[in-house]
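Whole structure, please, built from the sequences with the hints as guidance.
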Amino acid sequence: VARGGGSCCGAGEPGSGLGGQAKTNWKQSSGLGYSQEELEALPEGADLGLGCGSPVGKADPQPGEVVLDLGSGAGIDCFLAAKRVGPTGMALGVDMTPEMLARARENARKTGTANVEFRLGEIEHLPVETASVDVVISNCVLNLVPSKAQAFSEIARVLKPGGRMVVSDVVKLRDLPSHLTMDPALYCACLGGAIGKEEYLSLLAEAGLEQVEVLSEQDATELFLDTPGPVSDWLRGLSKEDTQGLAASITVRAVRRGAAACHRGDTCCD
Numbered sequence: 001v002a003r004g005g006g007s008c009c010g011a012g013e014p015g016s017g018l019g020g021q022a023k024t025n026w027k028q029s030s031g032l033g034y035s036q037e038e039l040e041a042l043p044e045g046a047d048l049g050l051g052c053g054s055p056v057g058k059a060d061p062q063p064g065e066v067v068l069d070l071g072s073g074a075g076i077d078c079f080l081a082a083k084r085v086g087p088t089g090m091a092l093g094v095d096m097t098p099e100m101l102a103r104a105r106e107n108a109r110k111t112g113t114a115n116v117e118f119r120l121g122e123i124e125h126l127p128v129e130t131a132s133v134d135v136v137i138s139n140c141v142l143n144l145v146p147s148k149a150q151a152f153s154e155i156a157r158v159l160k161p162g163g164r165m166v167v168s169d170v171v172k173l174r175d176l177p178s179h180l181t182m183d184p185a186l187y188c189a190c191l192g193g194a195i196g197k198e199e200y201l202s203l204l205a206e207a208g209l210e211q212v213e214v215l216s217e218q219d220a221t222e223l224f225l226d227t228p229g230p231v232s233d234w235l236r237g238l239s240k241e242d243t244q245g246l247a248a249s250i251t252v253r254a255v256r257r258g259a260a261a262c263h264r265g266d267t268c269c270d
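Heads up: the sequence shown begins at 1 in the numbering used here, then just goes up one per residue.
What the hints contain is simulated information worked out from the structure, not anything from laboratory work. All of these numbers come straight from a predicted model, not from anything done at the bench. Everything hinted at is true.
Dumping the calculated BS3-like pairs for lysine-lysine here, alpha-carbon to alpha-carbon at most 25 Å:
hint, residue 1, residue 2
1, Lys160, Lys83
2, Lys83, Lys58
3, Lys197, Lys240
4, Lys110, Lys83
5, Lys197, Lys58
6, Lys160, Lys58
This is how it looks when you write it as structure tokens:
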């Protein structure tokens, strides 16, 4: 995707699928909850149409906060977060491919956005200091991580006490046949590696996160059907009954155990 060919849901020419043309990406992102104002403010090429939600708006970053985006891609959510936290805050992005980092850093350079930083690393081993982040966000990436438990533990580690996590992700509502979960194409398409919804929420709690809450949930079938690639091809071969309730796109909020941090202007108790 970073090199300009194909999408997360299958190989193809530039302009196909989720990694396609700006017009297609705009439509995709608008349907996920991004406002027209937010999309118009993005640098060209920051929106690759790879998400399944809009976590920044639901996380509501405040001026001066540090926001960490896991699997930051070309920077769409980092740039939106950077605008919200202002010059006294910071938006950090972590991605595991040098090609995608180069793309995000170029977007930052072109726009002169000084309060963003993109780091090379894996979500299971975040290059981020312990208890240094106010907000963790992620958009349709954690389903791709081999060890969800370790990823959630890392989220808990880097969050300040009272810090919050808001992530959009794909979860399974029904078990998939084993040959599908082992299919590399379906794994990369955000379905094969997804875990069950209840297991997802349970692992967050086990990692030391509390007040775990599903903020939104929608059937992911239409999202996959609208995206050319192996998932849509497979779904079209099934009956309507078999595709309904297969997977969901959810946005989840959780809080790191500990005293909540105060925002500027808040009236806090001793």
